[in-house]
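Visitor: Chain residues, written in single-letter form:
2 protein chains.
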Amino acid sequence: MRVKYGEMKALFTDILTRHGFSPEKAEKVAGIFTDNSCDGVYSHGLNRFPRFLSYVKKGHVDPAAEPALEESFGAFERWNGNMGVGCTNAVAGMEAAMALARRHGIGCVAMGHTNHWMRGGSYGLQAARAGFAGICWTNANPSMPPWGAKTPKVGNNPLVMAFPYKDVCFLIDGALSQYSNGALDGYRMAGARLPFPGGYDKDGKLTTDPGAILETGRALPIGFWKGSGYSLLLDAIGAALSRGSTVPEIGRASGEIGVTQVFIAFDLAKVSGEEYVAAMAERLIADFKTAEPAESGVPFHYPGEKSAATRKENLASGIPVNEEIWNDVLKMKG
Amino acid sequence: MRVKYGEMKALFTDILTRHGFSPEKAEKVAGIFTDNSCDGVYSHGLNRFPRFLSYVKKGHVDPAAEPALEESFGAFERWNGNMGVGCTNAVAGMEAAMALARRHGIGCVAMGHTNHWMRGGSYGLQAARAGFAGICWTNANPSMPPWGAKTPKVGNNPLVMAFPYKDVCFLIDGALSQYSNGALDGYRMAGARLPFPGGYDKDGKLTTDPGAILETGRALPIGFWKGSGYSLLLDAIGAALSRGSTVPEIGRASGEIGVTQVFIAFDLAKVSGEEYVAAMAERLIADFKTAEPAESGVPFHYPGEKSAATRKENLASGIPVNEEIWNDVLKMKG
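Residue numbers (our numbering), protein chains in the order written: chain A, 15 to 348; chain B, 15 to 348.
This is chain A alone, in the form it adopts within the complex:
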C-alpha cells in the first residue's frame, strides 16, 4: 500500500495539533516524519510516529518548548533543548550552526536536554541543501558493550556527515552499531535475518537474529573496538560542550530522553566558492563510478544516492506503508 506525501503529512499535522502542537510546529514536525518515510527511512517516519506521540503523551517531550541559546563563544554556541521536540530542536541547532559558519567559516552548536531527533540525516541534508558541509551527532541510551565487556555501556550515537552535490547530496547517517535499533526493528517486523552479524544473543554469541539482539541490548559496534571507541569520544565531547547528559545518565532516565547533540556546519561557498566545490564533487564521483561492480550488472551507489532515488519514486508513486501501522495512525485522528 502506498500513501501520497500530502496525505501522510496532513494526517500527521492533524494528529499533532490535537496533542499540544501549534499549527506551525505541527506542520514542521509532520513534514520531517513524512520526509523520513518518503526518503525510505521508514523506521524513523511513519513507523516511529506512534512511539513519538506516546512520548508526548507521557510528558517526556514538551510540544510547546522551544530551544534557547544559553551561552555564546564566537563560532560556538551552547543551546538548551528544554526537553522539547527533538526534530524541530535539531533543525534549530543546525540552522544556528549555519548562521555561525556564515560569519566564521565554521559554526558549532551543542545542545543538551533535547530529545530523539528521529533521522539524523535530516539535519545533514538541511545543511548540504543550503550549500554547507554538515557534521552532527547525538548520544543515546546505552546499547553497546565496551570492547572486551558484556554490559551495554556506550550508545550507538549516530554520526552524520553531509555534503552538497547537484540536486542531491552525499549523505552518511549511521549508528555506530552495525544496525540501529530502528533497523533491527525493521528486520524483525519483516521476519528477516540480518545480512551480517549485528550483535550478541543471550548466550553471548554473535547472531543475525534481530530479535535476539534487541532482547540482550548488546549491539555490535562498527569496526568492533573502533565503533565502541568513537562512541565514547562522541559522548564525552558532546556532553562537555553542551553540559547535557552522557549516555549512562540517559540510561538512568525513564526512556531515551534528554539527549545531547552537536551540530557543525562549514560554509563551503564562503571558504572555497560554490563552483570550486561543485567541480571537485563532480570529479570525485566521476572517478568513484568507474569502479567495477562486485557483481556484474548490479549497480553500486555513492552515500545518499539511493535515498534520493527512493524520494523521487515515493513522491511520484506514493510512500509505501505498513498497512497495520498506517491504520493504527489513522485511528489517532479521532
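Since the hints were derived computationally from the structure, they do not count as laboratory data. Please note that a few of the clues may not be correct.
To be verified - Computed spacing ranges between beta-carbons, pair by pair: (1) A:K180 to B:I339: 47 to 55 Å; (2) B:L220 to A:L329: 32 to 40 Å; (3) A:A113 to B:E84: 22 to 30 Å.
Note that beta-carbon positions come from the ideal geometry of N, C-alpha and C, so glycine has one too.
Based on these hints, arrange chain B on the given structure of chain A.
Guide: Below, chain B without anything else, positioned relative to chain A:
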C-alpha cells in the same frame, strides 16, 4: 630487544640532520617517531622511519618546507602544507586550530598539499593534553572499494578523536578500514593471521591473511557500507575546505603524497570549564568500568588507556624494537 627512549630519539635526530632537516626540526620529528613507538604504535614509529626517509630522499617530502596560512575566515583557516614533513605540518595545523578555538570556542584548520602524518593520534593527544577536545582526519591513497564494488576508490582516511582525562586521554585513532595498512604490515611481519576478516583476497573472498589484502589493495571498511560512506564524506569535506587533493588525485601521484588533512579543536576550558569537564569524564569512566568483562578476569579498557600504559612501561623499560629494523636504521647513521 628494547631501546631507551633517549637513544632512539637521538639516533633519529642524528640521521635527520644528515638529510636536510634543521637541528630544531630534526628533534621535533625524531620526538614524534619515538613517541609513536613508545606508545606502542610501532607501525608508525621506528618501523616506518626507513620509508619516511626514502620519501625525503626521493624529494616527495621537503624537510625545509614550512606550512603557511593561505586564507583566514574567522574560526576557520586554510593552510598549505607546501609538501613539507607531514608530522610537523600536522602539529602546526592542530596548534593553529587550538589558537582559533581559544578565541572562538571552536577552531578549524584545513591543510592541503601536506604529507603522511604517521600516527594521527599524535595530534589528537596534542589537543587533549592541552585541555582541548580534538577531531582530525586525513585522506590517503585509494585502498577500499565503494560498497558493492571491487575497485579500490576510497581511502581508509583515518579519523581521530581525543578528549582530556586526568594525566592520560580518551583517544580513538582508527583507519576507516578494519585494519590500517600499518596494522596489516605488522601482522604480516609477525607471520600472524588477523583476528577478524580485514579485506578481500584475489578471488574476491573475505580473508584474515594480511598479505593477501595488501596484494589486492581491497581492505574491508569498518561497518561495511558505513565506513565506505564516511570515507567519501571525509574526503569531500577535507578537499573542499583545503582546496587540496582528493583520494583519487592522491592515487594518481607517485606515492602517498600531497594529502589533505583537517584539524578541529574545541576549547573545553573556555566553554564549559576545566572542573566541569573533568568531573563529567570521571563519572563517565566510573560507569564504563562497571561493565562485566566478556571473559572473567580479562580487563577491558577505555580508548587510549592501553597506549598510555604501554608508554609508561616503555619509558621505564625501553621501547621494544624489531632488531632487524633497528640495525638497519643504525646503519643510516653513517
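Visitor: Now tell me, hint by hint, if it's right for this structure.
Guide: The hints, checked one at a time:
1. A:K180 to B:I339: 47 to 55 Å: 49 Å, holds
2. B:L220 to A:L329: 32 to 40 Å: 38 Å, holds
3. A:A113 to B:E84: 22 to 30 Å: 25 Å, holds
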